[in-house]
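*Asks:* Based on the hints, put chain V in the right spot on chain G.
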Amino acid sequence: MEKKNNSSAEGIISKEEFTQNWLQFLKEFLSGSKGFYILLLLSGLIVLISTMFGVNAMYVGYSHVYGTYREIPWGILISGYVFFVVISTGLTIISSIGHVFGVKSLIPIGKRSVYLSIVTLFTGFMVIFFDIENPFRMAIWNVLSPNLTSNIWWMGTLYSISLIFLTFEFLLILLRKYRYAMIFGLLTLISKVLAISNLGAVFGMLYGRDFWYGPFIPIYLVASAISSGCTAIIFFTYLGYRIRNERFDKPMELALHVVGKLWALSLAILIFMVFWNIMTGLVGSEAQRLAIREWIFGKYAANFWFFEIFLGLITPFFLLFVSKFRNFNQMFAASLLSFIGIFFMRVDVVVIGQIVSHFFEYKVTDFPVILTYKPTLHEIMIIIGACAFCIFSFLIGEKVFKGHHTEIH
Amino acid sequence: MNWKEFFKNLRTEEQGCVPDETKREFLKIGLIITGVAAGGSLLNVVSVVAEGLATSEELHKEYPYKPHYSMVFIVDRCINCQLCVEACRETNNVPEYGWRTKILERVDTKAVDQQSQFMPILCNHCNNPPCVRVCPTKATYKDKQTGIIKMTSYKCIGCKACMVSCPYDARYYNEEKRAVDKCDFCWESRLSKGMEIPACVEVCPVEVRIFGDLSDPNSEVYKIVHQMGKAVWVLKPETGAKPNVFYTIG
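The listed protein sequences correspond, in order, to chains G and V. With my numbering applied, the first sequence covers 1 to 409. With my numbering applied, the second sequence covers 410 to 659.
Just chain G, with the same shape it has in the complex (with noise of 0.2 Å):
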């Protein structure tokens, strides 16, 4: 096996070299800390105890341990996948200021967040992977009989091209082909932003659905990304920092200066977004209007202004401006609780669009004019299996690519 590596390898880098980068990668990963082992372990399991709880949901049926049903189809799986796919497209769109655009001061953290794009999107692949009933029939009647007209298919296509895509342009800034992985980086970057704003036509394009209805929420999830890959690259770059215990040095620090600028201004824009949205949806089409009462003041009211509001917006926005930007421990803990507020953003922007009835407005009384939700524990498993194995992945990163250091080019 080494044999034949050593042979793919050949031209790119020396055969010494190779064989010494290997066991030096392996050294350092046997070198790690007590901790970092005890948080790959613990990670490993959840992903283990996780992924059993997938399987069963997939033996024994979806509808029997899911808390989904006929008039609420989409649950916490699908904003799992939102949640995860729009991190990994903000991450690329962030990174590729620095990789591809030019943008020197944000290229240190162009390494790490390409590997965490991969790591993220195949993470909302895995998560859709036990919501879909068939998903080996998709594989093949996606190819075979494809639907121009739905924006599922469009999303399912051009995220799995811009994964093809990411693979290429992580593998070639390993082989430190620059100039090449900076084209790969910009197929990426043009594929993942059709396919986010596909993934919010998916929603959007629903004439049925009011309160998805339009072109919000294809603006509001590109939006929504680079917000979320802010989050993901301050988040993941501390952690890493830490884990390997070693302090940013200049550049770094300028790059996360910039990240933590970038993300106060897409907060403010999305801060913005949201409010306009509740304003035009109160006065919007009565099944609208009953969504959004129920999202701000009914039974989603401390989603929406604890975790929304509170843990997404507005605490992270104030945070980042008391670290002047400078001050990464506040803003690691801007990112932490960022990253649950976005996730109840995910979740209230699939449930609520269907907790609405059909027939609310012919009174009848074979259903409440407002629907219920709620998801149950296989569901919360698999999404806490999937954050494990961001863990989990992003643990292995750092350890396999020391770090993902990145020299300016």
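Don't take every hint at face value.
What the hints assert, rightly or not - Below, simulated DSSO-like cross-link-like pairs (lysine-lysine); rule was C-alpha separation at most 30 Å, straight line:
(1) V/Lys645 with G/Lys363
(2) G/Lys299 with V/Lys519
(3) V/Lys511 with G/Lys299
(4) G/Lys374 with V/Lys511
(5) G/Lys261 with G/Lys250
(6) G/Lys399 with G/Lys15
(7) V/Lys651 with G/Lys363
(8) G/Lys261 with G/Lys402
(9) V/Lys519 with G/Lys363
(10) V/Lys586 with V/Lys559
(11) G/Lys363 with V/Lys639
(12) V/Lys645 with V/Lys519
(13) G/Lys299 with V/Lys645
(14) V/Lys547 with V/Lys511
(15) G/Lys374 with V/Lys586
(16) V/Lys475 with V/Lys559
(17) V/Lys511 with G/Lys363
(18) V/Lys475 with V/Lys553
(19) G/Lys299 with G/Lys363
Unchecked claim - Reference listing, derived: stretches of chain V covered by chain G, where coverage requires no fewer than 3 residues with Cβ under 8 Å from a Cβ of chain G:
(20) 501-512
(21) 515-523
(22) 556-568
(23) 575-583
(24) 647-659
Simulated from the structure, these hints should not be mistaken for laboratory data. For glycine and all other residues, C-beta sits at the position ideal for the given N, C-alpha and C.
*Replies:* Showing chain V alone in chain G's frame:
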């Protein structure tokens, strides 16, 4: 409208002489407004047919399908005996946890006459079907000849986008078929085998369900939809799905 037309109209208005064409358009708009004003979903014949067709220009001219299958519910006849639901279950192997047709009960305690009414529902076989647009693999499609929304079960990936997009809650995931299932006007179980009406229509003891070809002037559905005497309406016209299932009273 160009300037020439504008001045022409201005002149005719001044003279108190409105062209017939304008009169007809005005009448049509008036009827639509009255229909909407009467209760949100209640629509007059002109707007109903317009809802059922691709555009209002096609009004009384041409139907997109032949036969253009359609169903009319004479709702005040329904006694909620559930025979249609049972017949549908048996004919199409619909499991206990799902339904292709259902009878909803509307209750209004403040109504001055009767306080409840039954309202059967099923797939509206829309002319602008949201479910068909969203399906990534064309597992659900609108039949080019009959206009029936059908399923190719083996292509269904189970993403449930069609269920989310349907304004009429007409779809459910069938575990046995491993695909989304829905009413096909009994195409697979009956119509394709030479029978003329779906099972639910056949068993209804009080003739709530009228089924037929909306493009055939001799059919009962055509006669009900194209009359002025009684209100005919569709459910949720605001979604723009252009349903082919109509409601009226006897």
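*Asks:* All the hints need checking, so say for each whether the structure fits it.
*Replies:* Here's how the hints hold up against the structure:
Of the pairs offered as hints, the one joining V/Lys645 and G/Lys363 holds, with about 13 Å between alpha carbons and a cut-off of 30 Å not exceeded. Of the supplied pair hints, the one linking G/Lys299 and V/Lys519 holds, its CA atoms being roughly 28 Å apart against a limit of 30 Å. Taking the CA atoms of V/Lys511 and G/Lys299, the gap is near 29 Å; set against the 30 Å cutoff, the hint holds. Between G/Lys374 and V/Lys511, the direct Cα distance comes to roughly 25 Å. Compliance with the 30 Å bound is thereby established for this hinted pair.
Straight-line distance between C-alpha atoms of G/Lys261 and G/Lys250 comes to about 17 Å, which keeps the hinted pair within the 30 Å bound. Between the alpha carbons of G/Lys399 and G/Lys15 the distance comes to roughly 22 Å, so the proposed pair stays at or under 30 Å and holds. For the hint linking V/Lys651 to G/Lys363, the alpha-carbon distance of about 22 Å falls within 30 Å, and the restraint holds. With a C-alpha separation of about 27 Å, the suggested pairing of G/Lys261 with G/Lys402 holds against the 30 Å cut-off.
At roughly 12 Å between alpha-carbon atoms, V/Lys519 and G/Lys363 fall within 30 Å of each other, so this suggested pair holds. The hinted pair formed by V/Lys586 and V/Lys559 meets the criterion: a straight-line CA distance of about 14 Å does not exceed 30 Å. Between G/Lys363 and V/Lys639, the direct Cα distance comes to roughly 22 Å. Compliance with the 30 Å bound is thereby established for this hinted pair. A hinted pair counts as satisfied when its Cα atoms are at most 30 Å apart, and V/Lys645 with V/Lys519 qualifies at roughly 23 Å.
Between the alpha carbons of G/Lys299 and V/Lys645 the distance comes to roughly 26 Å, so the proposed pair stays at or under 30 Å and holds. About 26 Å separates the Cα atoms of V/Lys547 and V/Lys511, which keeps this hinted pair within 30 Å; it holds. As the CA atoms of G/Lys374 and V/Lys586 are separated by approximately 26 Å, the hinted pair is consistent with the 30 Å bound. With a C-alpha separation of about 16 Å, the suggested pairing of V/Lys475 with V/Lys559 holds against the 30 Å cut-off.
For the proposed pair V/Lys511 and G/Lys363, the alpha carbon gap of about 16 Å is at most 30 Å, so the pair holds. The hinted pair formed by V/Lys475 and V/Lys553 meets the criterion: a straight-line CA distance of about 9 Å does not exceed 30 Å. A C-alpha spacing of about 21 Å is found between G/Lys299 and G/Lys363, which places the hinted pair at or below 30 Å, so the restraint holds. Residue count for the stretch 501-512 of chain V with a Cβ under 8 Å from a Cβ of chain G: 3. That meets the three needed, and the coverage hint holds.
Check result for the stretch 515-523 of chain V against chain G: holds, 3 residues qualifying (beta carbon to beta carbon below 8 Å, three or more required). A count of 6 residues in the stretch 556-568 of chain V with a Cβ less than 8 Å from any Cβ of chain G is obtained; the coverage claim is therefore met, three being the minimum. Check result for the stretch 575-583 of chain V against chain G: holds, 7 residues qualifying (beta carbon to beta carbon below 8 Å, three or more required). Closer than 8 Å: that is the beta-carbon criterion, and the stretch 647-659 of chain V has 4 residues meeting it against chain G, so the requirement of 3 holds.
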